[in-house]
Amino acid sequence: MKLNQISVFLENKPGQLKLACQRLAEANINILTLSLADTKQFGILHIITPEWERAQVVFKQSGFIASVNEVLAVEVADRPGGLVEILEAIEKAGLNVEYMYAFTFGNKGKAALIFRFDNPDAAINGLKASGINIIDKVELFARAEK
Amino acid sequence: MQAELWNDEFGKFHPASAPDYLPVEQLQQVQLQRLKSVVNRAYEKVALFRQRLDERNLKPVDIQSLEDIRRLPFTVKNDLRDTYPFGLFASPMQEIVRLHASSGTTGKPIVVAYTREDLDVWTGVMVRAFAACGMHQGDIVQNSYGYGLFTGGLGAHYGAEAIGATVIPISGGNTDRQIMLMKDFGATVICCTPSYFIHLIERAGELGVNLKELPLRIGIFGAEPWSESMRQYIRDNSNIEPYDIYGLSEITGPGVAMECRCHNGLHIFEDHFYPEIIDPATGDVLPDDTEGELVLTTLSKKAMPIIRYRTRDLTTITRQPCACGRTLCRFLRVGRRSDDMFIIRGINVFPAQVETALLQVEGTLPHYQIILTREKGLDQMEVQVEVTPEVFSDTVGGLENLQQKLETAVEQTLSIRVNVRLVEPHTIQRSEGKAKRVIDQRKL
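Top line first, the protein sequences correspond to chains A and B. Residues 5 to 150 (our numbering) are what the first sequence spells out, left to right. Residues 1097 to 1540 (our numbering) are what the second sequence spells out, left to right.
Keep in mind the hints are simulated off the structure, nothing from the lab. Glycine is no exception: its CB is placed at the ideal position from the N, C-alpha and C atoms. Don't take every hint at face value.
Simulated coverage check for chain B against chain A, where a stretch passes if three residues somewhere in it have a Cβ under 8 Å from a Cβ of chain A [unchecked claim]: (1) 1476–1487; (2) 1492–1498; (3) 1508–1521.
The following block holds chain A by itself, in its conformation from the complex (with noise of 0.2 Å):
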């Protein structure tokens, strides 16, 4: 159910996301999506990969602060109202949401959101109370193959 989740500490200054994204590049790590949540000093770059393992280790010998947190695949109806319903599947279940953003991929009808939860179990059985569908991550990458 869970997802695995990169997420990388970032100075404010030129040519620091440019970097990240590279040393991913080099070695050949594929990023399916991500976030840039930042401030006027320092960013957090959010990263979805299949190959997360090996992204930590990337960026822990290149220098960089990362650390992993479990995430959660949202799945969304693609039409108006859509995303209210998931919404109102949280509020029921009184879920705290720390940050949340899209997962792209093209398929028609259904997309994705990815959710930062502050506790994750809690809101897997809150969702699922309210017919929310949560993609697995096999199905998830196996999707954003396609």
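With the hints as your guide, set chain B onto chain A.
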């Protein structure tokens, strides 16, 4: 009128200034008599000093000449920290009428004490200092040194009051109000840190107040090192003649030494504060006109006599005659320090204090560096802290929280506002020898 008599070229006619002009032999007699007395007192009343003399098989009676002072042990800042709060007092608490304190690196302050006579001596040297720069009865003195545990505010206050001036005890901060009162009250003298005055000049400019139209004519600046170019800047932007005042609370506070109108070194009030210059590595006393560490002995203090205190200030003492006629020796303006302490907005800061704060928050000591800059005349301190895997959070809130905690911890230790900037690992240069903790980009 009294003011005319006092307001001569070099404060020569102020009654309190007489000891500034003692013939050297007479000065030395006074110094020797007071030295014997203070060594006696410290031996009898201060356990640490007695213990150190006993270890050296020395007795107060062995001090027969001024040169014999070299046989006495040094006092260092740690001695004051280790005896916190009252371990170096030579007077019972009933006789102590004032306590002051300054920051210590472990978070505990350095405590100093004064009897009524000690306060009179302190006020006396402040009067001599103020007379040396031409302050007199009738001057309106804006005292922007901080009032409170810091010795600057009250030291300047009592000195200015004693000389008969009109004192505005405004203390520090609230620059707009400072400028308003300066204008409305017609201040003729200002006492504050030099960097604060430069900040005030800039703010006055923004407010459309022309300092050159004000009756301000004397500035008494201290508590931090400042350069000739800062002095010139102050002269160019006001009608002030800027004077350098020196002191440290371990000795008494401000008023240990003061520039005269010649602006060629600061005269030490050595009838009360006996100066020596030593080689900081060996402790050997150096001759005049040689650079070394300034050591001071309080010849007159009752509550807390301090013998051969190592100030960590590097300077040179000269006994060449000064055009003002004072026979008191001069030391050249203090520039470098022999330890890693720095001064920001008039406050002494040791990198060790910052380390304690960082350690408190993180549990281990991260790599850090302190960057000092000056923006619009105000000192800014940024502490760059490398993020470690242990403290990294994948949420912005988590990292901002960390930044906030670090800022709060450092601010509580130092009592000044700082910025903490989280940086990537290896941003801060590692060094083989002593880590370069402080990068001072202020052009002094």
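Verification of the hints:
1. Three residues within the 8 Å Cβ limit are the bar, and the segment 1476–1487 of chain B against chain A gives 3, so the coverage statement holds.
2. Only when three residues or more bring their CB closer than 8 Å to a CB of chain A does the claim for the segment 1492–1498 of chain B stand; here the count is 4, and the claim holds.
3. With 5 residues bearing a CB less than 8 Å from a CB of chain A, the segment 1508–1521 of chain B meets the requirement of three and the coverage assertion stands.
The earlier numbered hints are all upheld by this structure, with none contradicted.
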